[in-house]
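Student: Chain by chain, the residues run as shown.
There are 2 protein chains.
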Amino acid sequence: MTDERLSRQLAFIVEVDRLKGVLRQTSLIDGSRRENSAEHSWHLALAALALAEHAPAGTDLLRVLRMALVHDIVEIDAGDTFCYDAGANLDKEERETRAAERLFGVLPPDQAAEMRALWEEFEAGVTPDARFAIALDRLQPLLVNFNSGGGTWKLHGITHAQVLRRMAPIREGAPGVWPWVERAIEEACERGYVLGNGERGTGNG
Amino acid sequence: MTDERLSRQLAFIVEVDRLKGVLRQTSLIDGSRRENSAEHSWHLALAALALAEHAPAGTDLLRVLRMALVHDIVEIDAGDTFCYDAGANLDKEERETRAAERLFGVLPPDQAAEMRALWEEFEAGVTPDARFAIALDRLQPLLVNFNSGGGTWKLHGITHAQVLRRMAPIREGAPGVWPWVERAIEEACERGYVLGNGERGTGNG
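Protein sequences, first through last, are from chains A and B.
According to this note's numbering, the first sequence is numbered sequentially starting from 1.
According to this note's numbering, the second sequence is numbered sequentially starting from 1.
Bound-form chain A, shown alone (with noise of 0.2 Å):
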């Protein structure tokens, strides 16, 4: 153990306590404020430990969590890109890319290599792993909205058709869970807190 390796682990925990800062577009539940990705990252991890029974077969639940607590890091650098936002979505992969390169390069270069990686499956969607805490990452925002009164979907008009898509990979990243999330869009549309689909939305989705 050196010195060095030792002050770069360290100042990476001191780099990232700024994703507490990043504000997302999502609120608490009860509305006070608007949710930072640094709380929402441990909701998400919370969510993988109470839902883990839902995991793809062959889901690794340390990976998972691992995942979910660097899944946003790059956000410190390159901002929170609100999902149904097209137009601000064209550059967000360049913007964190960048991110990604400075972020984890203030770790020791394995780990900085290791969590890196993790960040890219996650992105990819592609392994067991990436699927289930994707389909978590839909989820959390939903069970917000869902519980706050409609959330972000009144706030900008957002179609029945629009969280459909969006949740859809909730079906095969945790197929136990997406019967409910059928259940409840359908709710929060006849509640109003999401448009019908003959309704006018922001044509972002």
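Honestly, I wouldn't trust all of these hints.
Claimed, not checked - Partial list, computed: chain B residues near chain A (C-beta under 8 Å):
| id | residue |
| --- | --- |
| 1 | L6 |
| 2 | L10 |
| 3 | I13 |
| 4 | D17 |
| 5 | A38 |
| 6 | S41 |
| 7 | L49 |
| 8 | L61 |
| 9 | L65 |
| 10 | L69 |
Calculated directly from the structure, the hints in this document are not laboratory data.
All C-beta atoms in this analysis are idealised placements derived from N, C-alpha and C, irrespective of residue type, glycine included.
Use these hints to put chain B onto chain A, whose structure you have.
Tutor: Just chain B now, kept in the frame of chain A:
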């Protein structure tokens, strides 16, 4: 899979959203506001990833992460108790035990028992997993205070001896980090972030 079981899991995820509203004494490193217990739990889990190689022999990283994610959930009902406040710590155990009963009890019984056992293991601090988790739970506010001009140490007139006593679990819980911690506390004293042992402290340590 019964609907009842899934409903309880989802209700738990919704319930623990309130941890984002529990404020700790420590601030963010940029000093902009106080930190909440949800984002602190994320930071702790991330520190476990970055510092895993410093854990005692026999540490299971998955169990450490699970502990880090659930260790503060009782604060939703019991509130955060400032570590240097001897008075408030007198009934902490009773308040937190009632909170654990109610909050973990939202989950299906097998998961409630499992999460409660993890929390109790953390509180007892005997196993290698708990020792490592506790060491990081002490290190995280040290990093915050050290990098934000003294933070709660300065605010509450905490002494060198109090900080040293508070950080002592790091010596066995994350042995590779301990020499750095000792140096950091010395330097915090030199910079005037903590009081020298001859100066007047809060008397709570």
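Student: For each hint, tell me whether it holds in the structure or not.
Tutor: Each hint tested on the structure:
Hint on B:L6 holds. Least Cβ distance to chain A is approximately 6 Å, under the 8 Å limit. The beta carbon of B:L10 is positioned within 8 Å of a beta carbon in chain A (closest approach about 7 Å), and the interface hint is therefore held. Checking B:I13 against chain A by beta carbon gives a least distance of about 5 Å; that is within 8 Å, so the hint holds. The interface hint given for B:D17 holds, since its Cβ lies 4 Å from the closest Cβ of chain A, which is under the 8 Å cut-off.
With its C-beta approaching chain A no nearer than about 4 Å, B:A38 sits inside the 8 Å limit, and its interface hint holds. Checking B:S41 against chain A by beta carbon gives a least distance of about 5 Å; that is within 8 Å, so the hint holds. Checking B:L49 against chain A: minimum C-beta separation of about 6 Å stays under 8 Å; hint holds. Checking B:L61 against chain A by beta carbon gives a least distance of about 7 Å; that is within 8 Å, so the hint holds.
At its closest, the beta carbon of B:L65 sits 5 Å from a beta carbon of chain A; the interface hint therefore holds under the 8 Å criterion. About 5 Å separates the beta-carbon of B:L69 from the nearest beta-carbon of chain A, less than 8 Å, and the hint is met.
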